[in-house]
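S.K.: Protein chains in written order, with my numbering: chain A, 1 to 168; chain B, 1 to 168; chain C, 1 to 168; chain D, 1 to 168; chain E, 1 to 168.
One should not assume that every hint holds.
[Claimed, not checked] The calculated lysine-lysine pairs, modelled on DSSO-like cross-linking and capped at a C-alpha distance of 30 angstroms, are: (1) D:K111 x E:K50; (2) A:K130 x A:K49; (3) A:K8 x E:K88; (4) A:K8 x E:K49; (5) B:K111 x D:K111; (6) D:K19 x D:K49; (7) B:K111 x A:K111; (8) C:K50 x D:K8; (9) E:K130 x A:K8; (10) D:K8 x C:K49; (11) B:K88 x E:K88; (12) D:K111 x E:K88; (13) E:K49 x E:K88; (14) A:K50 x A:K88; (15) E:K111 x A:K111; (16) A:K49 x B:K8; (17) D:K17 x D:K41; (18) B:K19 x B:K130; (19) A:K88 x B:K8; (20) E:K8 x D:K50; (21) E:K130 x D:K88; (22) C:K19 x B:K88.
Keep in mind that the hints were calculated from the coordinates and are not lab data.
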Amino acid sequence: MAASGRAKQDQQLDGSKLKIAIVHARWNEEIIDALVDGCVKRLLSVGVKKENIVIETVPGSYELPVGAAALASDVSIDAVIAVGCLIKGSTMHFEYISEAVSNKIMDIQFKVGKPIIFGLLTCLTLEQAKARAGLIPGVMHNHGVDWADCAVEMASKYGADFRTATWK
Amino acid sequence: MAASGRAKQDQQLDGSKLKIAIVHARWNEEIIDALVDGCVKRLLSVGVKKENIVIETVPGSYELPVGAAALASDVSIDAVIAVGCLIKGSTMHFEYISEAVSNKIMDIQFKVGKPIIFGLLTCLTLEQAKARAGLIPGVMHNHGVDWADCAVEMASKYGADFRTATWK
Amino acid sequence: MAASGRAKQDQQLDGSKLKIAIVHARWNEEIIDALVDGCVKRLLSVGVKKENIVIETVPGSYELPVGAAALASDVSIDAVIAVGCLIKGSTMHFEYISEAVSNKIMDIQFKVGKPIIFGLLTCLTLEQAKARAGLIPGVMHNHGVDWADCAVEMASKYGADFRTATWK
Amino acid sequence: MAASGRAKQDQQLDGSKLKIAIVHARWNEEIIDALVDGCVKRLLSVGVKKENIVIETVPGSYELPVGAAALASDVSIDAVIAVGCLIKGSTMHFEYISEAVSNKIMDIQFKVGKPIIFGLLTCLTLEQAKARAGLIPGVMHNHGVDWADCAVEMASKYGADFRTATWK
Amino acid sequence: MAASGRAKQDQQLDGSKLKIAIVHARWNEEIIDALVDGCVKRLLSVGVKKENIVIETVPGSYELPVGAAALASDVSIDAVIAVGCLIKGSTMHFEYISEAVSNKIMDIQFKVGKPIIFGLLTCLTLEQAKARAGLIPGVMHNHGVDWADCAVEMASKYGADFRTATWK
Numbered sequence: 001m002a003a004s005g006r007a008k009q010d011q012q013l014d015g016s017k018l019k020i021a022i023v024h025a026r027w028n029e030e031i032i033d034a035l036v037d038g039c040v041k042r043l044l045s046v047g048v049k050k051e052n053i054v055i056e057t058v059p060g061s062y063e064l065p066v067g068a069a070a071l072a073s074d075v076s077i078d079a080v081i082a083v084g085c086l087i088k089g090s091t092m093h094f095e096y097i098s099e100a101v102s103n104k105i106m107d108i109q110f111k112v113g114k115p116i117i118f119g120l121l122t123c124l125t126l127e128q129a130k131a132r133a134g135l136i137p138g139v140m141h142n143h144g145v146d147w148a149d150c151a152v153e154m155a156s157k158y159g160a161d162f163r164t165a166t167w168k
Numbered sequence: 001m002a003a004s005g006r007a008k009q010d011q012q013l014d015g016s017k018l019k020i021a022i023v024h025a026r027w028n029e030e031i032i033d034a035l036v037d038g039c040v041k042r043l044l045s046v047g048v049k050k051e052n053i054v055i056e057t058v059p060g061s062y063e064l065p066v067g068a069a070a071l072a073s074d075v076s077i078d079a080v081i082a083v084g085c086l087i088k089g090s091t092m093h094f095e096y097i098s099e100a101v102s103n104k105i106m107d108i109q110f111k112v113g114k115p116i117i118f119g120l121l122t123c124l125t126l127e128q129a130k131a132r133a134g135l136i137p138g139v140m141h142n143h144g145v146d147w148a149d150c151a152v153e154m155a156s157k158y159g160a161d162f163r164t165a166t167w168k
Numbered sequence: 001m002a003a004s005g006r007a008k009q010d011q012q013l014d015g016s017k018l019k020i021a022i023v024h025a026r027w028n029e030e031i032i033d034a035l036v037d038g039c040v041k042r043l044l045s046v047g048v049k050k051e052n053i054v055i056e057t058v059p060g061s062y063e064l065p066v067g068a069a070a071l072a073s074d075v076s077i078d079a080v081i082a083v084g085c086l087i088k089g090s091t092m093h094f095e096y097i098s099e100a101v102s103n104k105i106m107d108i109q110f111k112v113g114k115p116i117i118f119g120l121l122t123c124l125t126l127e128q129a130k131a132r133a134g135l136i137p138g139v140m141h142n143h144g145v146d147w148a149d150c151a152v153e154m155a156s157k158y159g160a161d162f163r164t165a166t167w168k
Numbered sequence: 001m002a003a004s005g006r007a008k009q010d011q012q013l014d015g016s017k018l019k020i021a022i023v024h025a026r027w028n029e030e031i032i033d034a035l036v037d038g039c040v041k042r043l044l045s046v047g048v049k050k051e052n053i054v055i056e057t058v059p060g061s062y063e064l065p066v067g068a069a070a071l072a073s074d075v076s077i078d079a080v081i082a083v084g085c086l087i088k089g090s091t092m093h094f095e096y097i098s099e100a101v102s103n104k105i106m107d108i109q110f111k112v113g114k115p116i117i118f119g120l121l122t123c124l125t126l127e128q129a130k131a132r133a134g135l136i137p138g139v140m141h142n143h144g145v146d147w148a149d150c151a152v153e154m155a156s157k158y159g160a161d162f163r164t165a166t167w168k
Numbered sequence: 001m002a003a004s005g006r007a008k009q010d011q012q013l014d015g016s017k018l019k020i021a022i023v024h025a026r027w028n029e030e031i032i033d034a035l036v037d038g039c040v041k042r043l044l045s046v047g048v049k050k051e052n053i054v055i056e057t058v059p060g061s062y063e064l065p066v067g068a069a070a071l072a073s074d075v076s077i078d079a080v081i082a083v084g085c086l087i088k089g090s091t092m093h094f095e096y097i098s099e100a101v102s103n104k105i106m107d108i109q110f111k112v113g114k115p116i117i118f119g120l121l122t123c124l125t126l127e128q129a130k131a132r133a134g135l136i137p138g139v140m141h142n143h144g145v146d147w148a149d150c151a152v153e154m155a156s157k158y159g160a161d162f163r164t165a166t167w168k
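For reference, chain A alone in the conformation it holds in the complex (with noise of 0.2 angstroms):
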């Protein structure tokens, strides 16, 4: 269930402080939800408290810019975790989306100065989300830990001088 190569946390997480959301899309039912909970657990098990866990929706993949931004712009935010599951279907859907949600994540932490988790699996079968989501035992671990691991060291890390630099 180890991800060969997986990081190494370099840090004792402390999520006590912090106020983290958590936005998902709700395509691929199955799968989000075994992410978001794998997320929230993690979140709880590194302090955050449970009424500092804010968790909403979004229809598809393409709206979580736009979620992760409007939660962001409440100022006790500290991270927002983007969670979503797109899979390859017949037409290019996939690509186009996939693209312009990668992109979009990231320039949104440098608009909101906060950042934003990339929890978004972009899977070529539904076999390679469930695996990624820790649904088939014993061969991948619920990604979702990761982001929440994520959430909690980059807020930590960086959130105070990425909010307050100068050149934004």
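Chain A is fixed; fit chains B, C, D and E onto it per the hints.
M.R.: Just chains B, C, D and E now, with coordinates in the frame of chain A:
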């Protein structure tokens, strides 16, 4: 006719206080007409008043971002649905238009401070487009329905926070 | 000579009050000349006055965005048509130029507050380009005609709202 | 040695009043040297004075946009020619660098208000690069010549309007 | 161990007055450790003082732009080296992350007014990454060395002009 994995609505949609603009390209008229028709019917069924649905056209999909932004400049509009249908041809026209439009529809949401719904089909065949417009009975549903739901949801859930965010 | 699926005009075009600039690259002269010619003739036929058609050139397609933006900086200009013809060669030059130009023509519309019409052919063969310039009788129509219609329509329908939008 | 389809000059080039900077990457030295040499000779032959040609280097092509922008920050510079040579290797380095540089050279023109000429070869083989640097007699011309012409033309035709455009 | 075509230094590098930050992702630890090690040793050997080398980490490569920007917000930092190692997997994760990071590292240089060195390996195999980290004797050199040289050169040559450019 159900879409496997289609996102379930997580709130009661209420469009009764919303004003929604639809801007659509005119290429592939049969497809577009079906999509816009499905979109309008759904908007009405979730409570948007007939007089609060504005429909305007642009020549082709490349013009959708400017059309959408111009419509969004009317303060009374809560969201814009941008509808187009691109089908792969023998040159690379399809790829470059699809990419530019997908990215700019995403982007202008942050300029105008309102959700712009991505109603662009990027299909490899006309058959694929017909299926997604609900024109092949029993195969797929009319995607215009999803876009109507999406517009009402995004305007309801995120419209106010997004429009007034201080980081804009 | 009809384009299957070609967009039908949904309004009477009237260019009599408009001033339109054409900026074109000079590579593939035969193609470009035909496209610009088709464009100018159509502008005249929908009422644009001869003295209100400005034509300027740039060396290659990569220069179109700067040329278009410079022309658009003249307040009397209502829209710019950017015409170029890129043909796939043996290096990746075609792909990177096509992408950069397609995205920047899109983008500068929001900088200058005016429609810039995308008149860039991105063809895999010279034959494809000739067909789209109307140079192969009976195959396809001269796409310059579409771009003229597009310029007049976009300037007429959206020009005022787009130019004065407060969100710029 | 003629390029089929090569753009014909439509004006007499006069560089006597212009100051042009060349910034070049240093990878693939033989190619770069030939391109810069062709570029300089042409600048001189269209009237740019020797003392008005500034040459500076960056390590690799990814650094070209910053180098070009820094050079353009000198108000006396009228245009910058960015010269690099990327050749496909076994990783995806070529693709991501090519895309980022092609798009950012385009973009910074609008930041600095001056033409930045795209002198980046994106080749699949060293042979292709040699040909485009004029190093394989009788095959292709030295593309540095085109870039010199382009710089003088763009600065002459569009420099003033572009630099002072109110929409910047 | 020499890189064919590797750029030759065209100036004596002197890092004695510079403060350089390295931000690195933690995935693929063996590769990253070698790259950062090569980078640090080279910085020291071209005169950067040990106390003027700041090292910080982010979880994965997608986080590099925010980490780099946060570090660059410290006025005493002259340049940031962003180090990561992406390896193609079975989903499209590699492609979308690579594109978003390559473009945003490029972009933020213009936000923060400082060079951010692109130290991202985008490899199709682990073997390729090892070679570029200097871990396969006799095959390739440690690319961290190039990035160190690049940081010192870019900060020395362009840092002052770039930071104070009025067009920012």
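S.K.: When the structure is checked against the list of hints, which entries are broken? Sort them ascending.
M.R.: The structure conflicts with hints 1, 12, 13, 14 and 22, although it agrees with all the remaining ones.
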